[in-house]
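Engineer: One-letter residues, chain by chain:
Number of protein chains: 2
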Amino acid sequence: MRVPLLVNDFLRRAAKLYATKTAIVDGDRRFTYADFERRTNQLGHALLALGVQKGDRVCILSPNSHFFLESYFGVTQVGAALVPLNYRLTAADHQYIIDHAGVSVMLVDYEYTAMIDQIRSKLPAVRHWIVAQDEGAAPDGWTAWEELIAQHPGTATPAVDVDEDDIATINYTSGTTARPKGVMMTHRNCYINAYNFIAHLRVTHDDVELWTLPMFHANGWGGPFAITAMGATHVVLRAVQDAAIYRLIEQERVTFACMAPAVLSTILNYPDRAGHAITTRPRFCVAGAPPPAAFVERLERELGWEFIQIYGLTETAPLITVSHADHNCPGDDWQARSRAGVEVIGTDIQVFDEAGHPVPKDGVSIGEVCARSNVVLKGYWRQPDETAAAIHDGYFHTGDLAVWDEHANIHIVDRKKDVIISGGENISSPEVEGALYTHPAVLECAVIGVPSERWGETPKALIVLRAGMTATEAEIIEFSRGQLAHFKCPTSVEFVEALPRTATGKLQKFVLRNQYWGEGRRVG
Amino acid sequence: MRVPLLVNDFLRRAAKLYATKTAIVDGDRRFTYADFERRTNQLGHALLALGVQKGDRVCILSPNSHFFLESYFGVTQVGAALVPLNYRLTAADHQYIIDHAGVSVMLVDYEYTAMIDQIRSKLPAVRHWIVAQDEGAAPDGWTAWEELIAQHPGTATPAVDVDEDDIATINYTSGTTARPKGVMMTHRNCYINAYNFIAHLRVTHDDVELWTLPMFHANGWGGPFAITAMGATHVVLRAVQDAAIYRLIEQERVTFACMAPAVLSTILNYPDRAGHAITTRPRFCVAGAPPPAAFVERLERELGWEFIQIYGLTETAPLITVSHADHNCPGDDWQARSRAGVEVIGTDIQVFDEAGHPVPKDGVSIGEVCARSNVVLKGYWRQPDETAAAIHDGYFHTGDLAVWDEHANIHIVDRKKDVIISGGENISSPEVEGALYTHPAVLECAVIGVPSERWGETPKALIVLRAGMTATEAEIIEFSRGQLAHFKCPTSVEFVEALPRTATGKLQKFVLRNQYWGEGRRVG
Numbered sequence: 001m002r003v004p005l006l007v008n009d010f011l012r013r014a015a016k017l018y019a020t021k022t023a024i025v026d027g028d029r030r031f032t033y034a035d036f037e038r039r040t041n042q043l044g045h046a047l048l049a050l051g052v053q054k055g056d057r058v059c060i061l062s063p064n065s066h067f068f069l070e071s072y073f074g075v076t077q078v079g080a081a082l083v084p085l086n087y088r089l090t091a092a093d094h095q096y097i098i099d100h101a102g103v104s105v106m107l108v109d110y111e112y113t114a115m116i117d118q119i120r121s122k123l124p125a126v127r128h129w130i131v132a133q134d135e136g137a138a139p140d141g142w143t144a145w146e147e148l149i150a151q152h153p154g155t156a157t158p159a160v161d162v163d164e165d166d167i168a169t170i171n172y173t174s175g176t177t178a179r180p181k182g183v184m185m186t187h188r189n190c191y192i193n194a195y196n197f198i199a200h201l202r203v204t205h206d207d208v209e210l211w212t213l214p215m216f217h218a219n220g221w222g223g224p225f226a227i228t229a230m231g232a233t234h235v236v237l238r239a240v241q242d243a244a245i246y247r248l249i250e251q252e253r254v255t256f257a258c259m260a261p262a263v264l265s266t267i268l269n270y271p272d273r274a275g276h277a278i279t280t281r282p283r284f285c286v287a288g289a290p291p292p293a294a295f296v297e298r299l300e301r302e303l304g305w306e307f308i309q310i311y312g313l314t315e316t317a318p319l320i321t322v323s324h325a326d327h328n329c330p331g332d333d334w335q336a337r338s339r340a341g342v343e344v345i346g347t348d349i350q351v352f353d354e355a356g357h358p359v360p361k362d363g364v365s366i367g368e369v370c371a372r373s374n375v376v377l378k379g380y381w382r383q384p385d386e387t388a389a390a391i392h393d394g395y396f397h398t399g400d401l402a403v404w405d406e407h408a409n410i411h412i413v414d415r416k417k418d419v420i421i422s423g424g425e426n427i428s429s430p431e432v433e434g435a436l437y438t439h440p441a442v443l444e445c446a447v448i449g450v451p452s453e454r455w456g457e458t459p460k461a462l463i464v465l466r467a468g469m470t471a472t473e474a475e476i477i478e479f480s481r482g483q484l485a486h487f488k489c490p491t492s493v494e495f496v497e498a499l500p501r502t503a504t505g506k507l508q509k510f511v512l513r514n515q516y517w518g519e520g521r522r523v524g
Numbered sequence: 001m002r003v004p005l006l007v008n009d010f011l012r013r014a015a016k017l018y019a020t021k022t023a024i025v026d027g028d029r030r031f032t033y034a035d036f037e038r039r040t041n042q043l044g045h046a047l048l049a050l051g052v053q054k055g056d057r058v059c060i061l062s063p064n065s066h067f068f069l070e071s072y073f074g075v076t077q078v079g080a081a082l083v084p085l086n087y088r089l090t091a092a093d094h095q096y097i098i099d100h101a102g103v104s105v106m107l108v109d110y111e112y113t114a115m116i117d118q119i120r121s122k123l124p125a126v127r128h129w130i131v132a133q134d135e136g137a138a139p140d141g142w143t144a145w146e147e148l149i150a151q152h153p154g155t156a157t158p159a160v161d162v163d164e165d166d167i168a169t170i171n172y173t174s175g176t177t178a179r180p181k182g183v184m185m186t187h188r189n190c191y192i193n194a195y196n197f198i199a200h201l202r203v204t205h206d207d208v209e210l211w212t213l214p215m216f217h218a219n220g221w222g223g224p225f226a227i228t229a230m231g232a233t234h235v236v237l238r239a240v241q242d243a244a245i246y247r248l249i250e251q252e253r254v255t256f257a258c259m260a261p262a263v264l265s266t267i268l269n270y271p272d273r274a275g276h277a278i279t280t281r282p283r284f285c286v287a288g289a290p291p292p293a294a295f296v297e298r299l300e301r302e303l304g305w306e307f308i309q310i311y312g313l314t315e316t317a318p319l320i321t322v323s324h325a326d327h328n329c330p331g332d333d334w335q336a337r338s339r340a341g342v343e344v345i346g347t348d349i350q351v352f353d354e355a356g357h358p359v360p361k362d363g364v365s366i367g368e369v370c371a372r373s374n375v376v377l378k379g380y381w382r383q384p385d386e387t388a389a390a391i392h393d394g395y396f397h398t399g400d401l402a403v404w405d406e407h408a409n410i411h412i413v414d415r416k417k418d419v420i421i422s423g424g425e426n427i428s429s430p431e432v433e434g435a436l437y438t439h440p441a442v443l444e445c446a447v448i449g450v451p452s453e454r455w456g457e458t459p460k461a462l463i464v465l466r467a468g469m470t471a472t473e474a475e476i477i478e479f480s481r482g483q484l485a486h487f488k489c490p491t492s493v494e495f496v497e498a499l500p501r502t503a504t505g506k507l508q509k510f511v512l513r514n515q516y517w518g519e520g521r522r523v524g
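Residue numbers (the working numbering), protein chains in the order written: chain A, 1 to 524; chain B, 1 to 524.
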């Protein structure tokens with residue numbers, strides 16, 4: 001028997017088996033799985049009544065909230081695609097995405113309605129404006145979510161003929177190099193990612209997840225699906241704040257959390273740890289640039305909690321590698337544990353050279369991380385050329401450069417577009433930046449390749465100095481030579497006021513490079 | 001991106017990531033995952049050289065062994081279907097299955113070649129006879145597995161165009177009521193079952209599974225795939241023996257085992273538990289009739305180990321429900337924990353009445369367990385009518401009768417064909433048998449429905465007395481009235497020498513019933 005793998009089945013199961021269990025804690029509000037399903041069904045009926053049809057796009061712009069979780073299931077169960085927006089973007093960014101995705105219904109948290117009002121007149125395709133707020137009157141021109149769903153039954157919505165290869169969500173990338181692209185995630189992509197999330201992050205029905213990760217970010221890595229599938233509990237954190245994190249871990253007995261590296265740093269540096277009686281041993285999963293090995297050691301040794309590094313991209317649902325204590329990475333091998341890690345089930349990860357052959361597993365040879373898996377995106381929304389450029393020869397090409405060891409443990413060294421090729425040698429810009437960051441006067445830095453007649457290109461450092469401190473170009477170059485092979489050292493240094501970053505905080509090196517390169521070469 | 005869900009990907013991953021880790025312990029032999037993959041590839045090449053093509057059937061008849069594990073991957077990776085035989089069957093049973101499945105290659109453990117030699121002449125379609133033995137010369141007419149594979153490379157076999165809906169295994173049912181039927185399991189069936197096995201039985205890379213379950217039985221419940229997928233370790237137990245079980249748990253630090261209820265009883269009753277220094281806390285998973293609640297309590301309280309009950313059929317890959325400590329089943333609710341349990345991910349389980357409506361979730365109303373899931377069989381091999389009879393109206397009909405509670409926790413009360421309907425009331429034959437088993441003179445018993453002019457049918461007990469003990473029909477009926485509602489009590493009792501059972505030990509009640517019923521009604 002073949003039954004389509006649809007994410008909605010996760011909530012159906014949880015509500016059937018765990019009707020009276022707490023599904024969501026959001027501030028003062030608590031929802032059982034029966035509540036969660038009822039509200040989701042009400043949202044589904046409401047969307048149908050608004051004319052939403054299979055294949056339509058519905059946007060959500062919200063910090064973490066129970067509304068956000070409800071939207072993941074309510075929108076997809078009527079066959080529409082959810083488009084979660086990054087709340088750190090500008091109104092102009094939102095306008096671009098909403099227009100590009102052809103969104104017909106906007107679900108917007110009350111903090112963001114004023115921002116969206118700025119661009120409403122430029123979004124003629126949007127037919128309905130719904131504000132998510134627990135209480136109070138809706139702003140002018142907005143329909144209150146609670147009033148809308150109150151008019152609809154909590155019973156299941158009519159069956160829609162949705163296939164597992166139909167789109168569940170469209171997630172726009174953060175655009176380090178260009179306009180954001182819409183990553184089409186099918187139900188099957190999300191479903192298999194949820195299984196891998198459960199298998200490799202060891203989710204059980206007893207888990208309590210603290211939402212230290214934004215729910216918009218790669219579908220909250222798939223947590224809305226995986227945690228729900230197992231009937232575990234979601235504890236919503238609206239904004240990352242250290243005292244709130246510790247209070248919730250203590251009060252709600254949190255066992256699990258996913259986060260960006262900066263949140264881990266916040267947790268480690270919280271001054272009042274001793275003020276909390278924590279009885280659980282949470283598993284903390286970090287994605288993005290791995291934290292220093294010392295962070296891993298501190299988390300496990302000092303706090304007694306567990307560290308898991310994962311790696312992936314919005315385009316890969318996102319989990320494709322995981323790093324934790326195992327046969328090849330003993331518990332105290334903090335360095336190996338802070339790698340991107342090894343491939344998850346059903347995912348063939350390769351590190352390919354330019355000719356498409358695997359580079360040696362020697363920890364030194366650099367290649368591009370490529371993935372063949374059911375978690376790889378269906379394609380970019382309305383960008384077939386971009387899709388073909390990313391998925392070819394049987395693999396998705398991540399654009400990330402890495403080395404790997406004999407156990408296929410992967411360590412990301414750079415973005416492909418950011419690597420510096422000088423005299424035929426690959427130079428990892430994060431490696432050079434890491435060395436510069438140990439200089440006491442360096443607050444922020446970025447290393448890029450600039451044209452060189454002799455070497456093709458050569459490393460240049462852009463540095464923001466700490467307030468009240470000074471350094472010269474010669475000093476910085478000399479300092480780097482004490483730490484790095486000479487061919488990796490910057491040959492020029494420029495002191496700047498600030499570095500260009502995306503809304504999610506990623507360095508936009510292409511902006512820097514554009515100042516040094518002409519048209520058409522190495523321009524993001 | 002869509003990649004077929006093929007079980008072979010599990011071993012590919014494990015060999016890539018855990019090449020030097022112990023994959024299999026089998027007596028004195030130990031195999032790393034690199035060994036496991038190399039030997040599997042050699043077997044694949046050998047089968048191709050023997051002319052095995054996509055869709056062909058290859059049989060294995062063997063107790064648990066490393067050969068058996070190798071066959072699960074080696075046969076399927078060339079696109080053939082593995083047909084695991086039940087070694088408790090007779091030569092005539094084997095002949096029927098081998099012939100019905102149209103097997104071309106036989107893989108047979110050295111203990112069973114003599115038995116197969118009895119039927120060789122009647123199996124003209126079989127072209128190759130391969131004996132699995134670690135050393136020694138092959139018997140006449142047999143090719144030694146080790147000599148065969150030694151001629152072939154350990155590199156990957158050529159890619160075969162296998163789809164996830166193609167057949168990976170054909171598992172013959174034990175035939176409680178008729179000739180065995182060949183259950184077609186697709187790669188997708190086995191793959192999704194492996195994910196559920198990992199998710200709900202909580203398999204990690206650190207697990208060490210002791211094979212107290214025969215590998216032929218419903219594909220070892222999927223353990224060959226799930227344990228391999230995670231890179232955990234298989235510890236082969238060739239024959240169930242209590243001292244060997246304790247020795248291996250101690251020496252190999254076993255963390256996990258699957259078993260029939262009888263094995264659990266063996267483990268609980270082992271006299272020399274104190275003689276073993278066991279440092280792990282194994283999870284013991286039991287399928288089949290749930291053990292008494294007292295067994296669960298003893299395992300967890302006395303031994304400090306963990307109990308998990310699962311339920312399923314060969315036709316469902318097999319896991320469809322799981323019962324363990326959770327929100328609805330607290331750790332000390334031994335009774336609830338010894339139920340079949342609640343549905344696994346992606347599996348809609350219903351308990352339907354005759355009209356196809358769910359029976360009330362009241363723990364009393366009886367209906368048939370039905371399943372809608374990707375783990376449900378593709379169909380019965382060359383028996384389309386049997387397939388249509390089992391899969392209709394969107395569900396697979398298990399033939400098992402159950403009650404369920406408000407949390408959808410299922411308790412199997414009888415086989416549909418074995419339930420007794422007396423005066424319009426359903427009587428669970430195992431319930432009546434359970435009451436009779438508490439009588440000191442009863443060694444074995446079976447309760448069946450026999451014709452009754454007044455009630456339609458009425459319960460009759462067939463009893464095997466303990467050696468040296470006596471009882472009368474009137475005594476037994478009186479005894480049962482002290483324990484059961486009167487309508488459930490036997491109205492006649494017959495004392496017999498033995499009860500008819502299948503090769504796997506299941507009661508064949510249809511044989512008993514046939515003595516009392518004419519043609520065409522309630523005859524298995």
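Treat the hints loosely; a few may be bogus.
[Said to hold, decoys possible] Derived BS3-like pairs: lysine-lysine, alpha-carbon spacing no greater than 27 Å straight-line:
hint: 1; chain 1: B; residue 1: K21; chain 2: A; residue 2: K361
hint: 2; chain 1: B; residue 1: K16; chain 2: A; residue 2: K416
hint: 3; chain 1: A; residue 1: K361; chain 2: B; residue 2: K16
hint: 4; chain 1: B; residue 1: K361; chain 2: A; residue 2: K21
hint: 5; chain 1: A; residue 1: K21; chain 2: A; residue 2: K54
hint: 6; chain 1: A; residue 1: K16; chain 2: B; residue 2: K21
hint: 7; chain 1: A; residue 1: K16; chain 2: B; residue 2: K506
hint: 8; chain 1: B; residue 1: K506; chain 2: B; residue 2: K378
Just so you know, these hints were derived from the structure itself, not from any lab.
Engineer: So, for every hint listed, does it hold in this structure?
Structural biologist: Hint-by-hint comparison with the structure:
Only pairs whose Cα atoms come within 27 Å are accepted, and K21/B paired with K361/A is accepted, the gap being roughly 18 Å. A hinted pair counts as satisfied when its Cα atoms are at most 27 Å apart, and K16/B with K416/A qualifies at roughly 25 Å. About 11 Å separates the Cα atoms of K361/A and K16/B, which keeps this hinted pair within 27 Å; it holds. About 18 Å separates the Cα atoms of K361/B and K21/A, which keeps this hinted pair within 27 Å; it holds.
Restraint check for K21/A and K54/A: the C-alpha separation of about 31 Å exceeds 27 Å, so the hint is violated. Distance restraint check for K16/A and K21/B: the Cα-Cα separation of roughly 41 Å exceeds the 27 Å cut-off, and the hinted pair is therefore not satisfied. With a CA separation close to 32 Å, the supplied pair K16/A and K506/B exceeds the 27 Å bound. Using a Cα cut-off of 27 Å, the hinted pair K506/B and K378/B holds, with the two alpha carbons roughly 25 Å apart.
Hint compliance for this structure: hints 5, 6, 7 are not met, and every other hint is.
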